[in-house]
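Based on the hints, put chain B in the right spot on chain A.
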Amino acid sequence: MSSDVKTENGCSKSTMQDVFDVAVIGGGVIGCAMARRFVLEGARVVLLEKGEDILAGASKANSAILHTGFDAPLGSLELDCMQAGYREYLQISEAFDLPILKTSAHVVAWNEEQLARLPAIEQHAHQNNVDNVKIIGVEELLKREPNLSRSALGAVSIPGEFVIDPWSSPLAYLTQAVLNGAQVCFNYAVASGQFDGETWRLKSEAAQQISAKYVINCAGLYGDQLDEALLGHTEFVIKPRKGQFVVYDKAASALLKSIILPVPTQRTKGVVLTRTIFGNLLLGPTAEEQDEREWASVSHNELESLKAQAEVMLPALKEMPVTATYAGLRPATECKEYRIFEYQDKHWITVGGIRSTGLTASLGLAAHVFKRYANMATRQPLLASIVTPKMPHLAEYAQRDWMQTGYEEIVCHCEMVTKREIDQAFCSVIPPGDLSGLKRRTRAMMGRCQAFYCSARLAELTKGRFTNDLSVGVSGSDNE
Amino acid sequence: MICQWVYRVAIMNNNVMEVDVAIIGAGPAGLAAATVLRQRGVQRVVVLDREEQGGGVPRHCGHPPFGMREFYRVLTGPQYATRLVAKALEAGVKLLQRHSVTALLEGGELEVATPNGLLNVVAKRVLIATGIRETPRSARLISGARPLGITTTGAFQSMFYLKGLVPCTRPVIIGTELVAFSAVLTAASAGVKPVAMIEANSRISARHPCELLAHFRGVPLLLNTELESILGGAKVEGVSVKNTHTGESRSIDCDGVIFSGQFTPEVALGRMSHLRVDSASGGLQIDQVGRCSDPAYFAAGNVLRAVETAGWSYREGCSVGGWIADDLAFKSPVSVDREVVISCDDPIKFVVPQRIKLRQLKGFKHLQVRMNRAVHGELVVASDTEVLWRKKLSTLPERRILIPVGKLGDISALTSLRITVRE
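Going down the list, the protein sequences come from chains A and B.
What the first sequence shows, in the numbering used here, is residues 56 to 535, in sequence order.
What the second sequence shows, in the numbering used here, is residues -12 to 410, in sequence order.
Since the hints were made in silico from the structure, they are not lab data.
As the structure is a prediction and not an experimental result, all values here were calculated from the model.
Some clues are possibly wrong.
[What the hints assert, rightly or not] Beta-carbon label-pair distances, calculated as ranges: (1) B/HIS232 with A/GLY287: 53 to 59 Å; (2) B/ASN103 with A/PHE481: 21 to 27 Å; (3) A/ARG172 with B/GLY234: 39 to 45 Å; (4) A/ASN523 with B/ALA369: 54 to 60 Å.
The beta-carbon is built from N, C-alpha and C at its ideal position, and this holds for glycine as well.
One chain only, chain A, in its complex shape (with noise of 0.2 Å):
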């Protein structure tokens, strides 16, 4: 379906010559929900992402919950947009094929000063509009969670808090905006730019120059560093904070039915347990300040303590083995809030700081956005129908495909991945651009054994499909 001669730099010769109404830089939630928006409001859009698939920075790893907002600051920008995204999710999620799971969410009180900050908690919520969210007595908590240990005092029940897929759903966005129109260049990374009161001509390293009247700066972790490129300023900063997660064997998501929150406190935020749409258990996640924005390592202490944490609260994951660990980068700044930026004579709007609500914000946030540059830029009429993907079912409460006779084989068997499905992200409208994106789009080697089965028949089907491919160029007759 992405049938057009593709340049070195990935972004097709047609792309190339034309005027687009609006950039959106950067591939993440924030940008794919961008592009979708700005197209289905009949702009003409090119979504620019430096590496080699979309989702490779910051939107990689989050904990994937559809947040309600109750806890999000009162009158706040964050707090309309999550709202707003969250209705937008329930209400085209179907229309896509994305999966839900209504989970809902108890924050769970471990001790009496806890205890004593729930009332204000509910308080909170309701003043955010989030109605149901209900102080529940510990009988209760237990009944509905009975493998919870016995020392939780209490808890506030949060109904409408779900579970999400964090990466079919931007997937979603973007194939959308492709299907109607968008353009997307990978390994394009926005190195400079010339704007002449006009139109904004975009350069990479490589040079192709690309042209839009508008830019909307999605970059996430490299949002300040890309005004401060164009611009030749940024009124923020961006201090990456790693968040490190600990996956647990499908086994433990029987433990748990909803999501479990900390109490926040001044000094921590604390770490969440939930089951993911996968059918794991998910713990995460730490929040640690670095300086690197491109890499997030894991540390074996720090997963020892989340783990540590975890068995605290629910004591039978004692005896649940971890299938993966991974880690993060919320694209943090220095304060709290979004940072929504407009440069209204330099056709600029800065979508910054999206820390860690992203996921669930994003839908509104686009919305937020189109109206701001609505306002700047003469709009061009609406399509005249709106073309919607089906997305691939991989949630472990969806049908999936090796359900379906006529699968060929299964490629990766915790994770039951079949080799249609592997076929068919690669022949989909955003195919995967490097390894991380066919787990991310198929779930193979994402299971417990962490590829000691499938790595074999993976490296094959993939061989020469990527720039680091699962096999290197040697063999026995190696010339010595």
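Frame of chain A; chain B shown alone:
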């Protein structure tokens, strides 16, 4: 083919297959049991295997020695796997490849995914022989980057022996169990040059003279050396290691990390089912004939514990296969049996089996135990009131230690046995 597949019609109509014994996993244990069951006259014996080819792990161990006791000659892993499959087929076993068991239901019913559709297998008895795998980097909670080039011996070997591909050219091998030296052999065949082999202890885990193998292959063996973290961005660029004596850290350049050993039973199906998993061994809990907590289910081979040779698994499969045949013939009411529960204490890592059912006179002749560290002392088996058996012991971690059941005397009045080490 000897047996009559009368139930074929049933499969086609209802996607239900009725069999006498269904075996999950076509490795050495599963194929051995299937062969014995057919030889004992059990009619409908089917092996369900999720891979394209039967044979299990030996398929991708491209070096000898395999099969000396079973076939009286030295074979490579793939040759051994081929022979196991041929022998089972000759005996009239129905071998179904690309059949993935997705759920174990009470009483011996299995849910199975096949490329031709979902299938329910209803078996009088089920044998679980799903084997073992190595613990990956994640479950070891290893620090550092998460680049491409991190693998396990099993993945490295299957990539090379099955597909002719390699994940790296200059790896560091982590660990010194037997399988680590198997990785050295594979590397030699594959033109891969390991830059080091590291071991946190002061001696290798495998038996002497394995270290000579590393020596002759020019692979530096670094003892008292711990993996601190993995370095790299998109690809592995090195590892940081620490000397456990001096505490000094240094980095080693490499383009891959092969995690070897630390095997763990592939017991996912069991964990997701009603069957009891023994937390000490990480395998299915069994009694002395290999029977699980649901009397319709049995288990054999490395799904019981980490880790035994293919030959051991084969013999275990033969034994448990025979006892399943006995069980089918007797229809004994095992569920009302009284049982002796066997437990163990640190430094004993696990005991297999964990139960002895008193009305079953046959069964494993030994209790298998292993230590989680080097031990010098006395191994003691005791009831609540008295010591039943003791033996001097000087052993390294992960070595097979066998306690003869016959030497424990009359245990029929007991309810529990405790195995301890006195140092």
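Hint check:
1. B/HIS232 with A/GLY287: 53 to 59 Å: Holds - the Cβ-Cβ distance for B/HIS232 and A/GLY287, about 56 Å, lies within 53 to 59 Å.
2. B/ASN103 with A/PHE481: 21 to 27 Å: The hinted range 21 to 27 Å holds for B/ASN103 and A/PHE481, with Cβ atoms some 24 Å apart.
3. A/ARG172 with B/GLY234: 39 to 45 Å: holds (43 Å)
4. A/ASN523 with B/ALA369: 54 to 60 Å: About 57 Å separates the Cβ atoms of A/ASN523 and B/ALA369, which means 54 to 60 Å holds.
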